[in-house]
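For the protein sequence lines, the chains are A and B, in the order given. One gets the working numbering by counting positions in the first sequence from 1 and adding 6 to each. One gets the working numbering by counting positions in the second sequence from 1 and adding 587 to each.
Do not take every clue at face value.
[As the list claims (entries may be wrong)] Taking lysine to aspartate or glutamate pairs in the DMTMM-like style, the calculated list, with each CA pair at most 25 angstroms apart, reads:
#1 B/K662 / B/D633
#2 A/K149 / B/D705
#3 A/K149 / A/E31
#4 A/K149 / A/D124
#5 A/K149 / B/D712
[Said to hold, decoys possible] Stretch by stretch, here's where chain B covers chain A in the computed footprint (C-beta under 8 angstroms, at least three residues):
#6 23–30
#7 80–88
#8 95–103
#9 115–126
#10 144–154
None of these hints come from the bench; they were simulated from the model. Idealized CB from N, CA, C, for every residue including glycine.
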Amino acid sequence: MDEAQPELGQVEAVRRNSYAWSTGEITGAFLEALRDRGTILASLCRGCGTVAVPPNSFCEACGSTMRDWREVGPRGVVMSWARVEAPFDGAPLEAPFRYVLVRLAGADTSILHLAPDDDAVRIGVTVAPEFREERTGSITDIKWFVPEV
Amino acid sequence: MEEVAVVGWAQTRHERVKRRDTQQSMVFDVVTRALRSCSMTIRDIDVVVDAGSDYLDGRNTSNCATVDAMGAHFKEESRVAGDGLLAAIYAYLRVASGLFSSALVVAYGKSSEGSLLDQTRAMADPFYLRPLGLDALSAGALQARAYMDHYGVAPEAPAGVAVKNRSAGAANPNAQLRRPESLADVLSSGDLVAPIRRKEACPVSDGACAVVLVDWATAQTLGVRPAWITGVGHMQDAYYPGSRELYRAVSSRRASRRACEMAGIFDPFAELDVIELTEYYAYQELMLYEALGFCGEGEGAELLDSGETAQGGRTPVNLSGGALCANPLVATGLVRLTEAAAQVSNRAGDLQVDGAEKALAHATGGFAMQSAATIVLERKRE
Numbered sequence: 007m008d009e010a011q012p013e014l015g016q017v018e019a020v021r022r023n024s025y026a027w028s029t030g031e032i033t034g035a036f037l038e039a040l041r042d043r044g045t046i047l048a049s050l051c052r053g054c055g056t057v058a059v060p061p062n063s064f065c066e067a068c069g070s071t072m073r074d075w076r077e078v079g080p081r082g083v084v085m086s087w088a089r090v091e092a093p094f095d096g097a098p099l100e101a102p103f104r105y106v107l108v109r110l111a112g113a114d115t116s117i118l119h120l121a122p123d124d125d126a127v128r129i130g131v132t133v134a135p136e137f138r139e140e141r142t143g144s145i146t147d148i149k150w151f152v153p154e155v
Numbered sequence: 588m589e590e591v592a593v594v595g596w597a598q599t600r601h602e603r604v605k606r607r608d609t610q611q612s613m614v615f616d617v618v619t620r621a622l623r624s625c626s627m628t629i630r631d632i633d634v635v636v637d638a639g640s641d642y643l644d645g646r647n648t649s650n651c652a653t654v655d656a657m658g659a660h661f662k663e664e665s666r667v668a669g670d671g672l673l674a675a676i677y678a679y680l681r682v683a684s685g686l687f688s689s690a691l692v693v694a695y696g697k698s699s700e701g702s703l704l705d706q707t708r709a710m711a712d713p714f715y716l717r718p719l720g721l722d723a724l725s726a727g728a729l730q731a732r733a734y735m736d737h738y739g740v741a742p743e744a745p746a747g748v749a750v751k752n753r754s755a756g757a758a759n760p761n762a763q764l765r766r767p768e769s770l771a772d773v774l775s776s777g778d779l780v781a782p783i784r785r786k787e788a789c790p791v792s793d794g795a796c797a798v799v800l801v802d803w804a805t806a807q808t809l810g811v812r813p814a815w816i817t818g819v820g821h822m823q824d825a826y827y828p829g830s831r832e833l834y835r836a837v838s839s840r841r842a843s844r845r846a847c848e849m850a851g852i853f854d855p856f857a858e859l860d861v862i863e864l865t866e867y868y869a870y871q872e873l874m875l876y877e878a879l880g881f882c883g884e885g886e887g888a889e890l891l892d893s894g895e896t897a898q899g900g901r902t903p904v905n906l907s908g909g910a911l912c913a914n915p916l917v918a919t920g921l922v923r924l925t926e927a928a929a930q931v932s933n934r935a936g937d938l939q940v941d942g943a944e945k946a947l948a949h950a951t952g953g954f955a956m957q958s959a960a961t962i963v964l965e966r967k968r969e
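So that you can see chain A by itself, here it is in the shape it has in the complex (with noise of 0.2 angstroms):
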């Protein structure tokens, strides 16, 4: 036996999953004004009249079908926010980077987004969206919320 060889303890091995997941018509509908007309659309419950953003095809409160849309923004106060240091995969911007809760102007509930490390960025503080140039229907689209100045 080669004597170079580490004692056998783990087996390691990369397993890669690929899927296409629909997007069903509320969040298609979302991400394709997102992409072609650069607005924020949220979803409007006639059950108990919560406007939630991003969308649903439920209201998670009542259990109603939310059919109805409504426009929301494009500005907001920021709800949250925390500071990303360290680089991962998968990471939307380069680190260090902040995650936000935005609370858009006309909806009940906060959209999850990201915002540059400013010290700008704090709770309370209105946002305003940046849209990519090149845009292909995602939640990245937008690239992140800006402080006003």
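Given the coordinates of chain A, assemble chain B onto it according to the supplied hints.
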């Protein structure tokens, strides 16, 4: 409904990497010792309920490959996707129904075998969260900031939880992190994802836990002091973090209230003797004090500072050191149940709280404590 007791249990020594163990050998170890602890054999077990994570195990329908180690061969077995404490609630319901007289609960996880934060990114939906790379740590950091801002909690406050629990964990032979940390150590440990500091976060652990539940008649035959389950509660909140009141642990509040009301407990902090909470991050323990009604909203830091939740305090919380000292994910909440059961059955050894009669175990799951499970245990006077 049948009365149900926790009569036996075992947990591994939780470690960063258990290289000498497979998932199955860890499971077999805790199952064997849990049965032995209550003088039962696998033949005495009617049903097995377990918790694990396919993604963590790296195998689809992973329980197919672990049922043999659980002793489930030719038994009814079912799996929950969630913490082992939820599996314990399922098992409780089975025995309470009278259809089964005994149940074995098993939970295990070898987080060392993959990348834990990457695993939590796989909890994200493909449209709204995953493209943003959200993981459990960043979701926790958003919640910590929302909580501290809403109530004006001092930025240093969560560090105090880490100091308390790391000090307690030093006395727990099963804990992974057994070295106390000073407040200065925690505060200067650097940001993981601000505002969560490195030493305010749970470690990555390998470990397993098994618990035996039996009905009243079986409990009389075993010769061990039972810990009776007198209340259970489980609650989900909305999945999307932006849809929730992130500054409150709403699902934990509701799950705990349900369990306590079922147990006839209306002032939990006064009536419970021992509490074991799942705090993946230090700030969560402060939020949970408030959610479980131990103090008013926004007063968690004051309660911590009062010392009433520390060892020797009125109602110690996480005498085991909690998740901050060992986090064998998926088993973390079930470990809380074994610690609580050990206390009310006077089998906690050096960690024993004199005269402990009522205890509560809590688990949480999902991004920023989306879901919660709680069990109340009691020693009944003979």
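Hint by hint, here is what the structure shows:
no.: 1; hint: B/K662 / B/D633; verdict: holds (7 angstroms)
no.: 2; hint: A/K149 / B/D705; verdict: holds (22 angstroms)
no.: 3; hint: A/K149 / A/E31; verdict: holds (24 angstroms)
no.: 4; hint: A/K149 / A/D124; verdict: holds (15 angstroms)
no.: 5; hint: A/K149 / B/D712; verdict: holds (19 angstroms)
no.: 6; hint: 23–30; verdict: holds (count 3)
no.: 7; hint: 80–88; verdict: holds (count 4)
no.: 8; hint: 95–103; verdict: holds (count 4)
no.: 9; hint: 115–126; verdict: holds (count 6)
no.: 10; hint: 144–154; verdict: holds (count 3)
In summary, the structure agrees with every hint in the numbered list given earlier.
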